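**Student:** Protein chains in written order, with the numbering used here: chain A, 141 to 531; chain B, -11 to 113.
If a hint is listed, it holds; no wrong ones were tucked in.
Below 30 Å or equal to it, Euclidean Cα-Cα: the simulated BS3-like pairs (lysine-lysine) are:
hint, chain 1, residue 1, chain 2, residue 2
1, B, Lys32, B, Lys113
2, B, Lys108, A, Lys527
3, A, Lys527, B, Lys107
4, A, Lys527, B, Lys40
5, B, Lys30, A, Lys527
6, B, Lys61, A, Lys527
7, B, Lys32, A, Lys527
8, A, Lys527, B, Lys109
Since the hints were made in silico from the structure, they are not lab data.
In this text, all values refer to a predicted model and were calculated from it rather than measured experimentally.
Here is how the chains run, residue by residue.
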Amino acid sequence: MRRVYMDHTAGTPIDERVLEVMMPYFTLNYGNPSSIHSFGNEPRQAIDEARSKVTDLIGAEKKEEIIFTSGGTESNNLAIKGVAYRNKDKGKHIITSSIEHMSVINTCKHLSKQGFKVTYLPVDKDGIVDTEALKKEITDKTILVSIMYANSEIGTIEPIKEIGEIAHDKEAFLHVDAVAAAGQVPINVQDENIDLLSLSSNDMYGPKGTGALYRKSGTNILPMIHGGGQERGLRSGTENLPGIVGMGKATEIAKTEMKGEAERLSKLRDAFIKGVLDRIPESYLNGHPTMRLPNNVNVRFSYIEGESLILGLDMEGVACSSGSACTSKTLEPSHALLAIGLAHEEAHGSLLFTLGRQNTKEDVKYVLGLLPSVVRRLRAISPLTPKDLVT
Amino acid sequence: MYTEKVMEHFRNPRNMGDMPDADGVGTVGNPVCGDLMTIFIKVKDNKIADVKFKTFGCGAAIATSSMITELAKGKTLEEATKISRGDVAESLGGLPPVKMHCSNLAADGLRAAIEDYLKKKEAKK
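With the rest of the complex left out, here is chain A:
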């Protein structure tokens, strides 16, 4: 049976070129980058190079602005708590959106319990953050605005530059969770008014357990992990050397291949979306039609539920995910789908396909070939389906 992996938001395979450069750092160049002796030299240099590559990917001014972490979740925690605890004398107000990743939302909820006030901005039906609401909500007491570059579920790309201008007018910092977007669309932290930016290696075909936080010089934060003072004192702990080297290579590849790959994936994505909407009655696109990540296809089908759709497709070798309650740990449907105004039963019927480097035209054709029958079968079982839709 053909196997088609279209769940790249959940995890990407490591690029073989990445794995290759990582290997020596497990067994040969195992020294501690903090060591004075010669065993520390090569690792120190390797981290330096990786830092430069991450700097290049996001257009940062200097490599000292990159802090390596254990991944996107830690980067988001460090950025938000770091700013909050360091700047609470200026104010205790944080603004974010209703469609952020749980590592942002739950960090903000934690801070609410510590006496901070958090405002969750609404989004429109396509998932674009309401900048007028931001202008209304922001005050002199706002210390941080945290908005994702692009949403990992519905793929919508946010007007970050404009949001940054509004934040900076009130002298608030802008943090951007770019985990879903980095490596897929060009990001320039200097042009786009970004003070802090979270990255994850595994979302760019690098190893799991590695990420980075960009922190613009002058953006004051407190560290969350204290210890030996690595990463300029902002993230202690012996560096994850193979991981950092791998992330460096992954960002280099992403930068070199981004343009071609984004064009290729966007074409596949648009053909996929059109194919679904043309073939399946009462199917709808979730998220913005054009301001959208190149790899994101999020669609919903009336009268049926997402988990059974996943199982139906899995039986045919296709891997994807859903915003249905049944597939979440909390048994609540995706907060992003509810935030764009979907009813619970609509959110339950959503499917998320995230394409990746190894997906081809043939993969899309294969999925489009079998999706209508999977949907038809489940609709025939559902008591909600109108009679004229079951043939």
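Starting from the known structure of chain A, arrange chain B on it as the hints suggest.
**Tutor:** Just chain B now, kept in the frame of chain A:
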């Protein structure tokens, strides 16, 4: 995540479909929560002569619906009423813990269908 038995019932659900001349119909669950189940029964000589289901929901919801129809068919109404959620899960070789409450509604659906039948019978008298 699911047992082979659950997947088998998901792939080939038994007794799926409408029953326009049903003697009793029971609907349980709510599409807002992600699971909605309708059980239809045909009763003859106090026994469940035929049973069908239609379900909106996850794999577990569909498999438990299918399983309840197999367990109920041919049973007396008293026997069928006694089939529990636990019996359904056990017959499927177990369900993931998180599914035991939300999607394991089939036994309730069958009981609702039997109650509907008894109510209609009472009304006819």
